[in-house]
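**Q** Given chain A's structure and the hints, the job is docking chains B and C onto it.
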Amino acid sequence: MYSEIIMAGFGGQGVLLIGKMLAYAGMKAGNEVTWMPAYGPEMRGGTCNCTIVMSDKPVGSPITRSPHALIVLNLPSLDKFEASVRPGGVIVVNTSLINRLPRRTDVTVIPVAANEIAQEAGTPKAANMVAFGAYLGATGIADLAVVKDVLADTFASRPKLIGLNQTCLDRGYEIGKACAAQARS
Amino acid sequence: MPTPIITKDLCKGCELCVHACPEGVLEMSKEINAKGYFFPVVAHPEKCTGCRFCLLVCPDTAVQVEAKGKTTVRTEGLTPKPFHYCPGCTHGVIHRLVGECIEELGIRERTVGVAPVGCSVLAYDYFNCDMSQASHGRAMAVATGIKRGRPNLVVFSYQGDGDLASIGMAETVHAANRGEKITVIFVNNAIYGMTGGQMAPTTLPGQVASTCPLGRDVNHAGWPIRVVELLQSLRTPAYLSRVAVHDPKNILAAKRAIRKAFKYQIDGVCFSLIEVVSTCPTGWGQQPHEACEWLEQNMIPYYPLGDVKLPEAAA
Amino acid sequence: MAKKLMKGCEAIGEAAIHAGCRLFFGYPITPQNEIPEYMSARLPQVGGVFLQAESEVAASNMLYGAAGAGCRVFTSSSSPGISLMAEAISYIAGAELPVVIVNIMRGGPGLGGILPSQSDYFQATKGGGHGDYRVLVLAPSTVQEAADLTQDAFDLADHYRNPVMVVGDGLIGQMMEPVEFKRSISPEELPAKPWATTGCSDRKPNIINSLFLNPEELEAHNWHLHRKYQDMAREIRWESWKLEEPVDVLIVAYGTVARICKTAIDTLRARGVKVGLFRPISLFPYPSEQLSQAVEKAGKVLVTELSTGQMLEDVQAIVAGRKPVSFYGRVGGMVMSPEEIEREVDKLVAS
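Chains as they are written, first to last, in our numbering: chain A, 1 to 185; chain B, 186 to 500; chain C, 501 to 851.
Chain A with its partners taken away, still in its complex shape (with noise of 0.2 angstroms):
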């Protein structure tokens, strides 16, 4: 197992988080992961964004410039990232905020409008853990279950919050699914 995500959004809608909480889980499901914050000319050009390298051996480069997955959660950063992703990789696009699909044909696209689902199940403000949830949903590479426990964790000392964003990541999870057997079949 080998893959190499990156995930960019606007500062605020939470994409650093998002990207830990996958580290956190590969971790616990005896991965190697390496989870590096956007640093360098990235940092630029209104997107902020981490990559998050998994393997079962030791991760060599912490960085890519292919990425086998992408989350994007605005616009800047789908201009930015779409090119870089391989064929036969996959782009979670937030269609929320960003008002045009990817113009790639050789990956897989799941279209999410991110913050109306999140805002139904109580706050916008957990738009990214529907990405998240349909980024987990399409490819599998960590369990669903272990993800929630690490956004127990997360969450520890804002109880509140916790079920909201299980929830959020829930209804991502499945739009997810479906759109990746879609792509499939």
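Just to be clear, a hint being listed does not mean it is correct.
Taking CB as the label site, the calculated pair distances span [stated by the list, open to error]:
{"#": "1", "chain 1": "B", "residue 1": "T421", "chain 2": "C", "residue 2": "G547", "range": "23 to 33 angstroms"}
{"#": "2", "chain 1": "C", "residue 1": "P715", "chain 2": "B", "residue 2": "K220", "range": "19 to 29 angstroms"}
{"#": "3", "chain 1": "A", "residue 1": "I162", "chain 2": "C", "residue 2": "P824", "range": "57 to 67 angstroms"}
Think of the hints as simulated: they come from the structure by calculation, not from any bench.
Even glycine gets a Cβ: it sits at the ideal position worked out from N, Cα and C.
**A** Quick look at chains B and C alone, frame taken from chain A:
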């Protein structure tokens, strides 16, 4: 009958004791000692009243006094090593005062001193306690490191005007502002002695130094810095005092201030800094006793003596 | 102890605590602020002292004072801050005091930028301050290694009574990886330092000093230091990766760059290219002999760094013309990708 006892080979012939004696007990010898200096001899022992002025002003602990069957000795706060300072330099007096305070307060075995860069760079050879050398200007940072690491130690720095008020001003202000529980002995002789008499941040207006050969021009070099007044403006409680060592009365007052400064540290009260206005006969190009007079007439008007700040007074 | 996901900077801070260090003096500078921030929260919890100094100049001299008083102490900074500490590091080396300094390198010269760099290799390994002295330099490439080497750094500093510098780049400082602290020692368990300024209650006064006005004494002191630096050869550390068989291209890289090379090597090997990696972990002392042997079994050598070629000079001296040495560097905060390394190796194989 009291009498001065001269250790002639410690003497550098500065004659301060001869000038200090109110009764004319001492005269300079006609012969030279091992160092090549004329030294004082007790010419009129019958006139001695035991006032100890000779002992107080001697920068080399070359004078002790016997009275009532007891003879004074060089303090245990100092090593036996003779000072390397120039004849008549008051560093030796200040060393003795610090050494005596350390001995009298019973703190020698838990005191660490920090030596600066400047004339007193070799201070670690003279104080009979653990010592640390510091780079130029950083003595208070070094002292901070020692004190923060081992708060039970009594830590003092001994610094000149260039070290403390020029290159080390940032460390000075910030150590004071943090209220580091250390004691700073600040020797202000208005000149860079070790490097050969250049202008110091405390050189007086019009005072000639090798880098202001026409005298300090305050429009060019700024006014001399009054360190204790500058630190007084900080809100952090501190004991700040200015003393001088040009005559016996002031030397006694200086010792009281230094002792008080150590006491504040021992009691964990505050940062303390004692500015000691002192002479540099070599750098000033004067005889030692002339330098003492010059200090009184020129330095004290600009650097007024006395306690400038007490911790009790702080808001 | 279970593995924790930690940023490199935090892992370095926690490692210092596990090494029995209870004192930190420092001054903020990007990109290593997570270290002082971590220590400011963590040290008071374990009875330690964190002090934000007025400058790196002051911080490094506080280090001198505390190390002289026998305390385990460390600081962290980034390139311009290390330049300001260079004076104190020289004094610390001269007075033979054990301190640990972490440099999370950023691009220079001058203010440069805040992005990752390896352009302080010369400063770290060849001096930085004045005088004939050396600093033991360790360069981790993972967060776990950063933690382990930081802990080791304290032991090495004490053993040699010398500054030990851990050099990382912004990548390793910001990166999160699982980390485990395998050993822990409390300050009380640390060996005594009878030379330190702890108060002379049961002995003659100790003096911490680097001044030797007598030239014979200073010469003797310098040769004594020199012998100590030679003895440090025992601490040489390196990693040979995929060098069991002869290779067409031997890559030499350290720190984060080395792991970027590993990803490139995996891809290249999958394509049948014979390539391996030699990674110095101790930059001073340098694993010269070990590299020399690896070079014997290589066709060409490729040095790659986040600089315009600093370690390159050491590698060239070691290879001594036996094999062609080429260089690939990125600077200014730009970081090479595995693909760039692949391309460089492909070029060498084709030429």
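**Q** All hints, please: hold or fail.
**A** Cross-check of the supplied hints:
1. For T421(B) and G547(C), the hinted distance range of 23 to 33 angstroms is satisfied, since their beta carbons lie about 24 angstroms from each other.
2. At about 23 angstroms, the CB distance of P715(C) to K220(B) agrees with the hint of 19 to 29 angstroms.
3. For the pair I162(A) and P824(C), the supplied restraint of 57 to 67 angstroms holds, since their beta-carbon distance comes to about 60 angstroms.
When held up to the earlier numbered hints, the structure conflicts with none and fits them all.
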